[in-house]
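J.: Residue strings, one per chain:
2 protein chains.
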Amino acid sequence: MPKFQARVLISLRSSVLDPAGEAARAAANRLGVKGIEKLRIGKSVDLSIEAPTESEARSRLELLSDRLLANPVIENWSLDIQPSNTSKEG
Amino acid sequence: MPKFQARVLISLRSSVLDPAGEAARAAANRLGVKGIEKLRIGKSVDLSIEAPTESEARSRLELLSDRLLANPVIENWSLDIQPSNTSKEG
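Chains A and B, in that order, are what the protein sequence lines are. At position 81 of the first sequence the residue is numbered 81 (my numbering), and the sequence of numbers has no breaks. At position 55 of the second sequence the residue is numbered 55 (my numbering), and the sequence of numbers has no breaks.
Since the hints were derived computationally from the structure, they do not count as laboratory data. It is possible that part of the hints are untrue.
Any copy will do: because identical chains look the same in the list, a pair fits if it lies in one copy or spans two.
Unchecked claim - Using 16 Å as the maximum straight-line C-alpha spacing, the simulated EDC-like pairs for lysine to aspartate or glutamate come out as follows:
{"#": "1", "residue 1": "Lys-43", "residue 2": "Glu-75"}
{"#": "2", "residue 1": "Lys-43", "residue 2": "Asp-18"}
{"#": "3", "residue 1": "Lys-34", "residue 2": "Glu-62"}
{"#": "4", "residue 1": "Lys-34", "residue 2": "Asp-80"}
{"#": "5", "residue 1": "Lys-43", "residue 2": "Glu-54"}
{"#": "6", "residue 1": "Lys-3", "residue 2": "Glu-56"}
{"#": "7", "residue 1": "Lys-34", "residue 2": "Glu-54"}
{"#": "8", "residue 1": "Lys-3", "residue 2": "Asp-18"}
{"#": "9", "residue 1": "Lys-38", "residue 2": "Asp-66"}
{"#": "10", "residue 1": "Lys-3", "residue 2": "Glu-37"}
{"#": "11", "residue 1": "Lys-3", "residue 2": "Glu-54"}
{"#": "12", "residue 1": "Lys-34", "residue 2": "Glu-50"}
{"#": "13", "residue 1": "Lys-34", "residue 2": "Glu-56"}
{"#": "14", "residue 1": "Lys-34", "residue 2": "Glu-75"}
{"#": "15", "residue 1": "Lys-3", "residue 2": "Glu-75"}
{"#": "16", "residue 1": "Lys-38", "residue 2": "Asp-18"}
Please take these sequences and the hints and turn them into a complete structure.
T.: Right under this line is the structure:
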């Protein structure tokens, strides 16, 4: 059965405060890294999934993202998926 | 001064256990999402930075990633940066 590599990026909605990101931004300033204007911390989930078709894999991962990986009340997510056998790339 | 959008993806080194990812994988199975073989949870940091040149912005963000955002002992990171005024894209 074909395998797919996927990445789900989960970010806080822009209306939600991000105290961890704000702390990192302040720490960057103390570290001497200038010019940072925004800094928001999210999650990145790397998966591999086995499914008969890419659209089937995609629909399973959409369910997973909505129900388990992200909290849709405060987070947005985006899904990137591609076939796992990347030997044909280039 | 030019602005740049950047994203730093931080993932656990493959030799490091990921109990949170393992728990999410088990939960996916209980949720009825079949076929998930690997699941690793990392961080995604979205930033905007103001710097005179793209290479200057990149070197600042490399320092930041190495020293603050990631723990190089257990994590790898990758940096993606692009100019903020994307009106010329296409």
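J.: Run every hint past the structure and note whether it holds.
T.: Now the hints, each set against the structure:
1. Lys-43 to Glu-75: For Lys-43 and Glu-75, both the intra-copy (10 Å) and inter-copy (14 Å) Cα distances are at most 16 Å.
2. Lys-43 to Asp-18: both (13 Å within a copy, 14 Å between copies)
3. Lys-34 to Glu-62: Answer is between: at 13 Å across copies they meet the 16 Å cutoff, but 38 Å inside does not.
4. Lys-34 to Asp-80: Neither way: Lys-34 and Asp-80 sit 32 Å apart in one copy and 18 Å across, limit 16 Å.
5. Lys-43 to Glu-54: Neither, since 23 Å and 25 Å both go past 16 Å.
6. Lys-3 to Glu-56: Result: close within a single copy only, 11 Å intra versus 39 Å inter.
7. Lys-34 to Glu-54: between (43 Å within a copy, 14 Å between copies)
8. Lys-3 to Asp-18: neither (35 Å within a copy, 21 Å between copies)
9. Lys-38 to Asp-66: Neither: 26 Å inside a copy, 18 Å across copies.
10. Lys-3 to Glu-37: Classified as between; 9 Å across copies, 39 Å inside a copy.
11. Lys-3 to Glu-54: within (9 Å within a copy, 37 Å between copies)
12. Lys-34 to Glu-50: between (44 Å within a copy, 8 Å between copies)
13. Lys-34 to Glu-56: Between copies only: 11 Å across chains, 45 Å inside a chain, cut-off 16 Å.
14. Lys-34 to Glu-75: Close neither inside one copy (28 Å) nor across copies (24 Å); limit 16 Å.
15. Lys-3 to Glu-75: Close neither inside one copy (27 Å) nor across copies (25 Å); limit 16 Å.
16. Lys-38 to Asp-18: within (11 Å within a copy, 29 Å between copies)
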